[in-house]
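Take a look at the letters that make up each chain.
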Amino acid sequence: MSTVPLVPVESPIAKAAKLIGLLAVTVVVLGGGFLFLKDFKDSKLLLVVFAVIWGIGATALLFSVLNAIGETFPRKVRTWLLPLIFAGPALVLLFWFLILPTIRTLGLSFLDETSTQFVGISNYIYAFTNPTMLESFGNNLLWLVFGTAGTVGLGLLIAVLADRSAWETAFKALIFMPMAISFVGAGVIWKFMYSYKGDDASEIGLLNAIVLAFGGHSQAWLQLPIWNNFLLIIIMVWLQTGYAMVILSAAIKGIPEEIMEAARIDGANEIQIFWRVIVPSIMGSIITVTTTIVIFCLKLFDIVRVMTGGNFGTNVVANQFYLERFTNQQTGRASAIAIVLLVAVVPVLIYNLRQFAERKAFK
Amino acid sequence: MSGKVKAKANSKAGRLATWIVTAILVVVTVIWTVPTLGVLVTSFRDSRDIFSSGWWTVLPHEGWTKTGEIQADPSLDLDQPITLEGKTADFNTWRTGVETKPGRMLKWIGNKRTRTIEVDEKEWVGFGVNLTLDNYKNVLSAGEIKYKDGNGNEISRNGNNFADAVLNSLAVSIPATLIPILIAAFAAFAFAWMEFPGRKTVFVIVVALLVVPLQIALIPVLQDFTRLDLNGTYLAMWLAHTGFGLPLAVYLLFNYISQLPRDILESAYIDGATPFVTFVRLILPLSVPALASFAIFQFLWVWNDYLVALIFLGDRNRVVTSALAAMVGEKGQDWHLLTSGAFLSMILPLCVFFGLQRFFVRGLMAGSVKG
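Read top to bottom, the protein sequences are chains A and B. Letter 245 of the first sequence, counting from 1, is numbered 245 in my numbering, and no numbers are missing. Letter 31 of the second sequence, counting from 1, is numbered 394 in my numbering, and no numbers are missing.
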């Protein structure tokens, strides 16, 4: 770039001094900032502002200092050192937070609750025989089947219908909106919908009010076995249908007009066009959305945690993981459950890798 | 396709089909919006009203209103079926209310001896809505709060200090969004435009990590944070969210940065720019759309996250989701606080979402590993 000035030749000593100075400043900023944040208690607002600036500034500083050090090396070293500096922080964090923990969790899953005694596969035997775990697996299966079918099915239906409406954008924005709401927030919203006072005259939950209006009796919905699972699944469908709709809608818009036209000329009605033209054309996107929702259902935690805490027969595997680790202090069992969750996503993982290899994105 | 529909809409059958489609969409959209609307409306209602009537009663509707009281004739035999205004029913039926003529209902109050009867008449109500900001004031407060329950009794509770939670959420979310972007952009640039051994293998690992469930990492990382005394600090949250968000960030940004034209980079190198300068002055500005897409994604994810906050923050520096979840546990029926808290937790992500929806959708598309 023409804006870069020619670097004046510096003596090695000046260069070294400059680098040492830079390093010193970095250490002071990183360490000093952290210690300051730990002890600062006067004004929360000030603390937040300082924390934000420090966190982001420290990251930027780290890169420029590492790069400045890297650039002082001769060309031969630079060719491998600079990529390492650029990709290094990401690789270190990926290793620390994902790769290494996976191995460590695997190791912990063969140890007892104190993480000292080897117990063989007994944690896994527990995971597959304990009644609570079996109940959780059954519930996760409900989530997988009905949650995925509901989300993808409704998303596809709305995408196809909205494509034919003049107010497409407005409908889609409103159905998409729950995507911005946290599971905890959604939990409160739906807990209010399902709320129950046990007084037919003045129920304030909409579901009970509707049931009363049709002459029924109010119910403690979240404590109603089997049905409560479906009421929780509705929350997920409400949250995620927007995602399915947006991806599938874009895919539908990508179908060439000529194909639809040709099918119409051949006398196909709209339902035939849907099943024989639209669905096959967007199969790739349907699979993508389905796998995303499947993984989502496997890891599902927040909704159950907030709505029922896993009680009344609504427990799921990820909540049992939490209970084992933090309520029962059974680190070994919790680790085994985490490994089971990982194994469950392996098929999707392999599918993703295969897709990635086919795309030849890597030159 | 829309062109075709417009052409078809001229025919009678076509117009009917369009109406049916619109009707279905309106129904679905209403179902989708009503739950959130209910919470929004409730958060502005007086606590007394919340406990005694459904939120939909703020809408104008025809309902029973008490218009007066009458005393029953002292000579009336209450052990026999009672006749009032020409209607006969037993005492218990009178207590639940009997419509003596359309739009007029009599209801016995209390026990038999009071002989007091309430007169209710059907009227249009709901115009004079009693709205307040007290719920928000109460939920933000850290001190003692007072409110009235459905029967008018005053109740006092400790506030949940949502003001603090909102600040914590900001302190967690902003760096936890920008730090991974910076780290991932550097890495994506290295993967796309620099040569180093094992480049391809490492990137395949990144793609594999995209779907790995978070639960797998929580126990060992918690051990590390405990050893480093980081639990409950913002730094712990930044590190965790950066680590967990990196696979998607690197993947998304790589897809974008590797598509940039080779000539731009080459001419920069010919001009003598170092990789660092090229990256900061050229690649970053050119990648703004991809950076924005991921930023929105990550911001919504971090702001709305509960699991990571629950485990690494615990009760210290509670963020909005954990404060709200704690409130559900402690005050499960205090709907005036829960709804206003829920709405406070939603308002910022909703603004980001509606303001920057275009970027968000683009990020969603790019993030799905497509066939």
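No lab work stands behind these hints: they were computed from the structure. The structure presented is a predicted model; accordingly, all values stated were derived computationally and were not measured. Careful, some of the hints might be misleading.
Said to hold, decoys possible - Derived lysine-lysine pairs resembling PhoX-like cross-links, with alpha carbons at most 25 Å apart:
id	chain 1	residue 1	chain 2	residue 2
1	B	K464	B	K475
2	B	K694	A	K197
3	B	K485	B	K470
4	A	K44	B	K500
5	B	K500	B	K694
6	B	K464	A	K197
7	A	K197	B	K375
8	A	K197	B	K509
9	A	K76	B	K563
10	B	K511	A	K197
11	B	K511	B	K429
Evaluated hints:
no., hint, verdict
1, B:K464 to B:K475, "holds, 23 Å"
2, B:K694 to A:K197, "holds, 14 Å"
3, B:K485 to B:K470, "holds, 14 Å"
4, A:K44 to B:K500, "holds, 18 Å"
5, B:K500 to B:K694, "holds, 17 Å"
6, B:K464 to A:K197, "violated, 31 Å"
7, A:K197 to B:K375, "violated, 50 Å"
8, A:K197 to B:K509, "holds, 22 Å"
9, A:K76 to B:K563, "holds, 22 Å"
10, B:K511 to A:K197, "holds, 17 Å"
11, B:K511 to B:K429, "holds, 22 Å"
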